[in-house]
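Starting from the given sequences, assemble the full structure and let the hints guide the process.
2 protein chains.
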Amino acid sequence: MLIVQKFGGSSVADAAKIMRVAGIIADTFCEGNDTVVILSAQGDTTDDLLEKAAEINPHPSKRELDVLLSTGEQISVALMSMALEKMGLPVVSLTGWQVQISTNFDYGNARIRSVSTERIRQELDKRRIVIITGFQGVNGMGDITTLGRGGSDTSAVAVAAALHADKCQIFTDVEGVFTADPRKVQGARKLDEITYDEMMELASLGAQVLHNRSVEMAKRYGVNLEVLSSYERKPGTKVKEVVKNVEQMKISGIAKDTNVARIAVVGVPDEPGVAFRLFRELASAKINVDVILQSIDRNGTNDISFTVSETDYDKAMEIVQERKDTLRYKELFGDKKVAKVSIVGAGMLSSSGVAATMFEALSEAKINIQMISTSEIKVSVLIDETSADRAVQVIHNKFFN
Amino acid sequence: MLIVQKFGGSSVADAAKIMRVAGIIADTFCEGNDTVVILSAQGDTTDDLLEKAAEINPHPSKRELDVLLSTGEQISVALMSMALEKMGLPVVSLTGWQVQISTNFDYGNARIRSVSTERIRQELDKRRIVIITGFQGVNGMGDITTLGRGGSDTSAVAVAAALHADKCQIFTDVEGVFTADPRKVQGARKLDEITYDEMMELASLGAQVLHNRSVEMAKRYGVNLEVLSSYERKPGTKVKEVVKNVEQMKISGIAKDTNVARIAVVGVPDEPGVAFRLFRELASAKINVDVILQSIDRNGTNDISFTVSETDYDKAMEIVQERKDTLRYKELFGDKKVAKVSIVGAGMLSSSGVAATMFEALSEAKINIQMISTSEIKVSVLIDETSADRAVQVIHNKFFN
Numbered sequence: 325m326l327i328v329q330k331f332g333g334s335s336v337a338d339a340a341k342i343m344r345v346a347g348i349i350a351d352t353f354c355e356g357n358d359t360v361v362i363l364s365a366q367g368d369t370t371d372d373l374l375e376k377a378a379e380i381n382p383h384p385s386k387r388e389l390d391v392l393l394s395t396g397e398q399i400s401v402a403l404m405s406m407a408l409e410k411m412g413l414p415v416v417s418l419t420g421w422q423v424q425i426s427t428n429f430d431y432g433n434a435r436i437r438s439v440s441t442e443r444i445r446q447e448l449d450k451r452r453i454v455i456i457t458g459f460q461g462v463n464g465m466g467d468i469t470t471l472g473r474g475g476s477d478t479s480a481v482a483v484a485a486a487l488h489a490d491k492c493q494i495f496t497d498v499e500g501v502f503t504a505d506p507r508k509v510q511g512a513r514k515l516d517e518i519t520y521d522e523m524m525e526l527a528s529l530g531a532q533v534l535h536n537r538s539v540e541m542a543k544r545y546g547v548n549l550e551v552l553s554s555y556e557r558k559p560g561t562k563v564k565e566v567v568k569n570v571e572q573m574k575i576s577g578i579a580k581d582t583n584v585a586r587i588a589v590v591g592v593p594d595e596p597g598v599a600f601r602l603f604r605e606l607a608s609a610k611i612n613v614d615v616i617l618q619s620i621d622r623n624g625t626n627d628i629s630f631t632v633s634e635t636d637y638d639k640a641m642e643i644v645q646e647r648k649d650t651l652r653y654k655e656l657f658g659d660k661k662v663a664k665v666s667i668v669g670a671g672m673l674s675s676s677g678v679a680a681t682m683f684e685a686l687s688e689a690k691i692n693i694q695m696i697s698t699s700e701i702k703v704s705v706l707i708d709e710t711s712a713d714r715a716v717q718v719i720h721n722k723f724f725n
Numbered sequence: 325m326l327i328v329q330k331f332g333g334s335s336v337a338d339a340a341k342i343m344r345v346a347g348i349i350a351d352t353f354c355e356g357n358d359t360v361v362i363l364s365a366q367g368d369t370t371d372d373l374l375e376k377a378a379e380i381n382p383h384p385s386k387r388e389l390d391v392l393l394s395t396g397e398q399i400s401v402a403l404m405s406m407a408l409e410k411m412g413l414p415v416v417s418l419t420g421w422q423v424q425i426s427t428n429f430d431y432g433n434a435r436i437r438s439v440s441t442e443r444i445r446q447e448l449d450k451r452r453i454v455i456i457t458g459f460q461g462v463n464g465m466g467d468i469t470t471l472g473r474g475g476s477d478t479s480a481v482a483v484a485a486a487l488h489a490d491k492c493q494i495f496t497d498v499e500g501v502f503t504a505d506p507r508k509v510q511g512a513r514k515l516d517e518i519t520y521d522e523m524m525e526l527a528s529l530g531a532q533v534l535h536n537r538s539v540e541m542a543k544r545y546g547v548n549l550e551v552l553s554s555y556e557r558k559p560g561t562k563v564k565e566v567v568k569n570v571e572q573m574k575i576s577g578i579a580k581d582t583n584v585a586r587i588a589v590v591g592v593p594d595e596p597g598v599a600f601r602l603f604r605e606l607a608s609a610k611i612n613v614d615v616i617l618q619s620i621d622r623n624g625t626n627d628i629s630f631t632v633s634e635t636d637y638d639k640a641m642e643i644v645q646e647r648k649d650t651l652r653y654k655e656l657f658g659d660k661k662v663a664k665v666s667i668v669g670a671g672m673l674s675s676s677g678v679a680a681t682m683f684e685a686l687s688e689a690k691i692n693i694q695m696i697s698t699s700e701i702k703v704s705v706l707i708d709e710t711s712a713d714r715a716v717q718v719i720h721n722k723f724f725n
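The listed protein sequences correspond, in order, to chains C and F. Positions in the first sequence are counted from 1; adding 324 to them yields our numbering. Positions in the second sequence are counted from 1; adding 324 to them yields our numbering.
Since the hints were made in silico from the structure, they are not lab data. You may find that some hints are simply not true.
Because identical chains cannot be distinguished in the list, a pair is counted as satisfied if it fits within a single copy or across any two copies.
To be verified - DSS-like cross-link-like pairs, simulated, lysine-lysine; straight-line CA separation at most 30 Å:
1) K562 with K508
2) K410 with K376
3) K386 with K410
4) K610 with K410
5) K508 with K386
6) K574 with K508
7) K722 with K564
8) K564 with K543
9) K341 with K376
10) K376 with K386
11) K722 with K514
12) K450 with K376
13) K450 with K660
14) K574 with K491
15) K491 with K543
16) K639 with K410
17) K514 with K558
18) K386 with K450
19) K543 with K639
20) K564 with K491
21) K386 with K574
22) K543 with K558
Set out below in structure tokens:
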């Protein structure tokens, strides 16, 4: 089998951790697999480099920042190769430009255009373990680029796709994907399998196991993903197109997002184009609007509620306030103390009453629902932030106990 | 003018030093020069990286060590570029592989084969300052190589040669090349000019201002070198093919080397091939032999004395001891407490009595000469190590006062 394995920064943070990860890689290789490994920068390296830069120039160009930061993964791959050499195994490290992981010119947040398999194949043909820098590529000018958040996951999936790897294993500090955050929710259980779509919904909802871009790419190229622990040697969660839902679970997981704020624009004239004007203004300021609720009251005016990320809240409020004359609303309310709790599951499509079960759990716990939004595989509710953890627990109890 | 400037690791050791060096570069650029800069890794970076490697594998492959160490210069060039960006200047950093500094495959001690000027010219044409990683290149496989000791000087000279630069300035922590070590010899003075050949003799004799390989390359390609201080803005020492020796000095400098040991093989049969066998054994153990003295005594046996570096002393003694049967000598003596003091000067060629003046100075100071070796531009004497500093001082007084 050809296996691509990815280890994050915390898995290679120091010499002892590197040696442990080398053990996992060695086992994979010694079982007879062609083994390709993608690594992130060691634990604090990126922060240390950013600090060095900040001392000199708080606003460096993104190009030079990429030159600086890309050294982090280069250090990781060299050290990991040395660890495997010490075990007497044949190994070679390669950087993004050596592999030719080609990206666009968007320094600091580049997108992968293509991955050349030539050099990797050459090294695999020599029966070498290939250790590749994650998070980085090279653009058409021959300049180093970095891929932005979750970049190493994306590197791993892109390399796996290019090599038509049999599987792509993403090692993390959790055992896999859980029905809810196991540190916070009693009874949270590990999923054996999950669909790409469910994984994407969970990822964007704050489950943070895998970056969305990587899951999206895995779905597009049909890469067999597996999320598993670099600490415990046991099966993780497989991410696939279709899963056998052995347990007949209606939902796969519950996620919570507290980086959310609600804005209510009250008493807007009930005329065509008002909502359009409002959301166009926000879009042009690059503010993402999530849940939208429009209600018509009896006096011929509308109330429009919507959510934005907490980070965008102040800017969004400012924009709406400045446009008071053109939007002609009566009152403006904002609330940062809200949270979005979502249930995700491909099973929803075929089984009715999933949303109702969720609302029942919240009602029994006397948690008030402020807004609701649904998609084919997701139901999200907006509730008071202080009730968020309790909400996740009671919903989890309802579905999984 | 097109100027290549090289700054060593101590000149870019921290943020404050980087800002000061950025000031020198900025001045050069703002005077209207095309400015290309070569940087070493920051002060302790290389040691830190070596330590990280040693924790994992005390004997890593040289290939992976080069992958690791080359990050050091990459960090330097990114940070320097950020410093110049902060001053509002147009700048771009380039690594060895981006420039295409092509080397052979000798990881850890690679030789430069060629330097492509394409990318550098492109950037200079855009009126950008170009900051290049010293010490590193890329081989025919597309692998990173490092150049070994003094590598950044060599990078600077190679880039200057390829670009036909008007000058190549090597910035160090001294003001230039001195007639003797100014920290130790009273009256040591800075030379305005020195020939390539003299510089090479001085470099190999421990003056340590410029690495020999870089001077050799500068001579071959006629690169106008200048050694100057990165702390004080004043002219340094120019290294050229022919110098105007304004002061009519007979010698250019005096150097001392204490990393030297003397071995005497006494009572060797006076037969052909004995010396050959001895030095072949040493050569095959990669031990460099420097000064050799053979004397014939009255009993038909020879005494052979020679010097090796102190580092090679134990190994050399062991080899000679092991070969006692084949070499058939009577006694073996060794002495690590010796030093080599040398005077260097192209002026020796045309003026007689230079060696005599040196011997006179030593004789007046009652310093015994153990061995003498001469070349066209150099006279070296082997003396007791404890007298070395005094010897340099008295010779200096004789020639320069």
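Verification of the hints:
Within a single copy, K562 and K508 get their C-alpha atoms as close as 23 Å, which meets the 30 Å cut-off; across copies the closest is 70 Å, which misses it. For the homomeric pair K410 and K376, the shortest alpha-carbon distance between copies (14 Å) is at most 30 Å, but the shortest distance inside one copy (32 Å) is not. Taking the shortest Cα distances, K386 and K410 sit within 30 Å of each other only across copies (13 Å), while inside one copy they are farther apart (37 Å). When the C-alpha separation of K610 and K410 is checked against a cutoff of 30 Å, the pair qualifies only between copies, where the shortest distance is 27 Å, while the shortest distance within a copy is 50 Å.
Taking the shortest alpha-carbon separations for K508 and K386, neither the intra-copy value of 37 Å nor the inter-copy value of 47 Å comes in at or below 30 Å. In the homo-oligomer, the alpha carbons of K574 and K508 lie at most 30 Å apart inside one protomer (21 Å), although the nearest pairing across protomers, at 84 Å, exceeds that limit. Proximity of K722 and K564 under a CA criterion of 30 Å is satisfied intra-copy only: 26 Å inside one chain copy versus 86 Å between copies. Only within a single protomer do K564 and K543 lie at most 30 Å apart by alpha-carbon distance; the minimum there is 8 Å, versus 64 Å between protomers.
Taking the shortest alpha-carbon separations for K341 and K376, both the intra-copy value of 25 Å and the inter-copy value of 13 Å come in at or below 30 Å. In the homo-oligomer, the alpha carbons of K376 and K386 lie at most 30 Å apart both inside one protomer (15 Å) and across protomers (28 Å), since each shortest distance falls under that limit. In the homo-oligomer, the alpha carbons of K722 and K514 lie at most 30 Å apart inside one protomer (17 Å), although the nearest pairing across protomers, at 86 Å, exceeds that limit. Only between protomers do K450 and K376 lie at most 30 Å apart by alpha-carbon distance; the minimum there is 28 Å, versus 39 Å within a single protomer.
Within a single copy, K450 and K660 get their C-alpha atoms no closer than 57 Å, and across copies no closer than 48 Å, so neither meets the 30 Å cut-off. Within a single copy, K574 and K491 get their C-alpha atoms as close as 27 Å, which meets the 30 Å cut-off; across copies the closest is 75 Å, which misses it. In the homo-oligomer, the alpha carbons of K491 and K543 lie at most 30 Å apart inside one protomer (13 Å), although the nearest pairing across protomers, at 57 Å, exceeds that limit. Within a single copy, K639 and K410 get their C-alpha atoms only as close as 54 Å, which misses the 30 Å cut-off; across copies the closest is 28 Å, which meets it.
Taking the closest pair of Cα atoms, K514 and K558 come within 30 Å of each other only inside a single copy of the chain (12 Å); across copies the shortest separation is 69 Å, beyond that limit. For a Cα distance limit of 30 Å, the shortest separation of K386 from K450 across copies, 19 Å, qualifies, whereas the shortest one inside one copy, 37 Å, does not. Taking identical chains as interchangeable, the C-alpha atoms of K543 and K639 are never at most 30 Å apart, the minima being 35 Å within one chain and 63 Å between chains. Proximity of K564 to K491 under the C-alpha cut-off of 30 Å is restricted to the intra-copy arrangement: shortest distance 11 Å within a copy versus 62 Å between copies.
When the C-alpha separation of K386 and K574 is checked against a cutoff of 30 Å, the pair qualifies neither within a copy, at 45 Å, nor between copies, at 56 Å. In the homo-oligomer, the alpha carbons of K543 and K558 lie at most 30 Å apart inside one protomer (24 Å), although the nearest pairing across protomers, at 64 Å, exceeds that limit.
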